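Protein sequence lines correspond, in order, to chains Y and C. According to the working numbering, numbering within the first sequence proceeds without interruption in unit steps and concludes at 164. According to the working numbering, numbering within the second sequence proceeds without interruption in unit steps and concludes at 405.
Be a bit skeptical, because a hint or two may be false.
To be verified - Computed cross-link-like contacts, DSBU-like style, restricted to lysine-lysine with a CA-CA straight-line distance of at most 30 Å:
{"no.": "1", "chain 1": "Y", "residue 1": "K79", "chain 2": "Y", "residue 2": "K101"}
{"no.": "2", "chain 1": "C", "residue 1": "K370", "chain 2": "C", "residue 2": "K405"}
{"no.": "3", "chain 1": "C", "residue 1": "K269", "chain 2": "C", "residue 2": "K387"}
{"no.": "4", "chain 1": "C", "residue 1": "K405", "chain 2": "C", "residue 2": "K387"}
{"no.": "5", "chain 1": "C", "residue 1": "K262", "chain 2": "Y", "residue 2": "K79"}
{"no.": "6", "chain 1": "C", "residue 1": "K404", "chain 2": "C", "residue 2": "K387"}
{"no.": "7", "chain 1": "C", "residue 1": "K292", "chain 2": "C", "residue 2": "K302"}
{"no.": "8", "chain 1": "Y", "residue 1": "K79", "chain 2": "Y", "residue 2": "K91"}
{"no.": "9", "chain 1": "C", "residue 1": "K262", "chain 2": "C", "residue 2": "K245"}
{"no.": "10", "chain 1": "C", "residue 1": "K124", "chain 2": "C", "residue 2": "K393"}
{"no.": "11", "chain 1": "C", "residue 1": "K269", "chain 2": "C", "residue 2": "K124"}
{"no.": "12", "chain 1": "C", "residue 1": "K374", "chain 2": "Y", "residue 2": "K79"}
{"no.": "13", "chain 1": "Y", "residue 1": "K101", "chain 2": "C", "residue 2": "K370"}
{"no.": "14", "chain 1": "C", "residue 1": "K387", "chain 2": "C", "residue 2": "K370"}
{"no.": "15", "chain 1": "C", "residue 1": "K302", "chain 2": "C", "residue 2": "K124"}
{"no.": "16", "chain 1": "C", "residue 1": "K393", "chain 2": "C", "residue 2": "K291"}
{"no.": "17", "chain 1": "C", "residue 1": "K164", "chain 2": "C", "residue 2": "K302"}
{"no.": "18", "chain 1": "C", "residue 1": "K124", "chain 2": "C", "residue 2": "K164"}
{"no.": "19", "chain 1": "C", "residue 1": "K393", "chain 2": "Y", "residue 2": "K101"}
{"no.": "20", "chain 1": "Y", "residue 1": "K91", "chain 2": "C", "residue 2": "K302"}
{"no.": "21", "chain 1": "C", "residue 1": "K245", "chain 2": "Y", "residue 2": "K79"}
{"no.": "22", "chain 1": "C", "residue 1": "K292", "chain 2": "C", "residue 2": "K269"}
{"no.": "23", "chain 1": "C", "residue 1": "K302", "chain 2": "C", "residue 2": "K245"}
{"no.": "24", "chain 1": "C", "residue 1": "K291", "chain 2": "Y", "residue 2": "K79"}
{"no.": "25", "chain 1": "C", "residue 1": "K302", "chain 2": "Y", "residue 2": "K79"}
{"no.": "26", "chain 1": "C", "residue 1": "K387", "chain 2": "Y", "residue 2": "K91"}
{"no.": "27", "chain 1": "C", "residue 1": "K291", "chain 2": "C", "residue 2": "K302"}
Think of the hints as simulated: they come from the structure by calculation, not from any bench. Everything numeric in this text was worked out from a predicted model, so none of it was measured.
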Amino acid sequence: MRMLYLLKKVIKGVNMQISKLIVSSVLSVTLFAQVSWGQIASTELVLGSPSAVSSEAKVSQFVAREDVAKAFEEMGVDPKTVELKLASLSDDEINSIASNIDTLPAGGDGGSIIGAIVFIFIVLLITDILGLTKVFNFTRSVR
Amino acid sequence: MATRDYLFFLCATAALFILSGCVAKDPLPQGKVYPSTSINVPFISPRQDLCGSTSIQMVAQYWQANRNYSPKLSLQELDQRTLLPLKGGTLQVELVSTARANGLIAYPLEPNFDALLSELSAHHPVIVLINRSYSWYPMWHYIPVNGYDTTRKEFLTHFSDQPNEPIGIKTFAELWKRSEYWGVVLLPPGEIPASATSKKFLRSVYELEKVGMVEEAIRSYQSALMRWPEDSDIHFILGNSYSRVDRLSEAEESYRRFLLRNPNHPLALNNLALLLSKTGRKTEGLALLDNAVSKDPEVQKMLRETREEILKK
């Protein structure tokens with residue numbers, strides 16, 4: 022069992038490295054794109070968005086991307102898909118989810134039957150506790 | 093027994109209170125009439141946790157059947173990109189970015205009924221985020237809205253396992269309010285949202301351009317120019333996109349049109365100067381740079397570097 026655990030830990034470490042690699046490669050691609058544009062004033066400037074030009078902004082952008090990559094992996098996304106997901110998210114989008122990804126709504130349908138069962142369970146639990154029902158053996162009424 | 097009566101009374105009041113909170117007034121803007129519409133959006137059966145992907149697919153298939161558009165991603169790819177397994181769903185930004193990767197422009201809907209009904213009237217299906225339950229036990233769900241029935245005051249949606257499920261407007265308002273009226277209009281290149289403003293639309297198109305779909309973006313900028321001919325910025329933006337895909341004579345024409353209205357615009361002069369030097373007209377390019385003046389140090393730096401680059405060639 023312990024071997025298994027260690028193995029898992031190693032795999033997780035490798036995964037983290039891979040995710041870092043992905044982030045840095047994505048970043049270098051975006052930087053490269055800027056370089057290849059040469060001195061052309063970008064559309065961004067006309068659309069009036071606060072584009073990340075200062076080096077501090079770039080670093081914080083990098084960190085935000087890394088945070089999101091980590092969060093995606095923790096949510097069960099495989100590293101290859103994390104790369105795909107990150108590549109299609111704009112800087113603004115990354116910033117909007119980087120700090121609060123855990124609490125953001127994720128539309129998913131499904132689970133409604135289980136959800137309903139949980140809901141009924143909680144309602145009956147409360148009514149049990151209030152002494153209005155006696156569905157469960159383990160509850161004790163407050164009265 | 094008194095306690096028991098009291099508790100019953102308490103529960104009844106609470107229930108009444110919760111329920112009365114649900115009964116909304118007519119949420120439609122007063123004094124405006126919206127026609128009944130029913131958009132023929134293909135229906136796909138729901139699959140667990142994948143309503144984001146399915147919604148995109150339904151709307152994409154609608155556009156595929158009605159416009160010159162072909163999706164870039166398969167349903168499997170949509171699933172893979174939208175699903176966060178342990179969250180059991182899709183984030184809003186992911187829905188938007190995946191739709192974009194599928195070659196669609198994702199225009200964020202203004203959070204109100206007027207925008208929603210305007211889009212439906214223009215036969216643009218809208219994907220909205222709703223919470224099927226209360227905020228303390230959220231059940232987030234994406235649905236394509238594909239019609240409105242004026243007489244019955246019902247929205248038509250592909251809500252669950254049957255097509256065109258009607259939802260009364262008051263219920264719809266309750267469910268939609270919980271996502272702060274979040275919605276997105278997914279459109280093929282060249283199509284413009286009925287409720288769009290020019291800058292917000294250009295920004296959505298530019299997002300598509302940034303992920304590499306430049307030709308698709310150009311089609312949309314061209315439509316934007318027809319819709320908002322007075323917005324000269326579109327010429328500049330088109331100039332940049334044409335240069336990116338080496339359509340240089342069209343790029344030159346676009347920059348020149350922009351400069352007709354903004355003769356001393358340093359960014360446009362800068363870009364046109366580079367383009368001219370690229371096509372063997374170095375002196376003309378340098379002459380343009382002489383007219384480019386700016387107080388912004390960043391822009392000054394850019395102009396200096398452009399001049400150096402042209403001189404080097």
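Hints versus structure:
no., hint, in the structure
1, K79(Y) <-> K101(Y), "24 Å, holds"
2, K370(C) <-> K405(C), "9 Å, holds"
3, K269(C) <-> K387(C), "46 Å, violated"
4, K405(C) <-> K387(C), "27 Å, holds"
5, K262(C) <-> K79(Y), "46 Å, violated"
6, K404(C) <-> K387(C), "25 Å, holds"
7, K292(C) <-> K302(C), "15 Å, holds"
8, K79(Y) <-> K91(Y), "18 Å, holds"
9, K262(C) <-> K245(C), "9 Å, holds"
10, K124(C) <-> K393(C), "52 Å, violated"
11, K269(C) <-> K124(C), "21 Å, holds"
12, K374(C) <-> K79(Y), "34 Å, violated"
13, K101(Y) <-> K370(C), "39 Å, violated"
14, K387(C) <-> K370(C), "27 Å, holds"
15, K302(C) <-> K124(C), "38 Å, violated"
16, K393(C) <-> K291(C), "27 Å, holds"
17, K164(C) <-> K302(C), "16 Å, holds"
18, K124(C) <-> K164(C), "38 Å, violated"
19, K393(C) <-> K101(Y), "39 Å, violated"
20, K91(Y) <-> K302(C), "24 Å, holds"
21, K245(C) <-> K79(Y), "50 Å, violated"
22, K292(C) <-> K269(C), "23 Å, holds"
23, K302(C) <-> K245(C), "40 Å, violated"
24, K291(C) <-> K79(Y), "25 Å, holds"
25, K302(C) <-> K79(Y), "17 Å, holds"
26, K387(C) <-> K91(Y), "42 Å, violated"
27, K291(C) <-> K302(C), "16 Å, holds"
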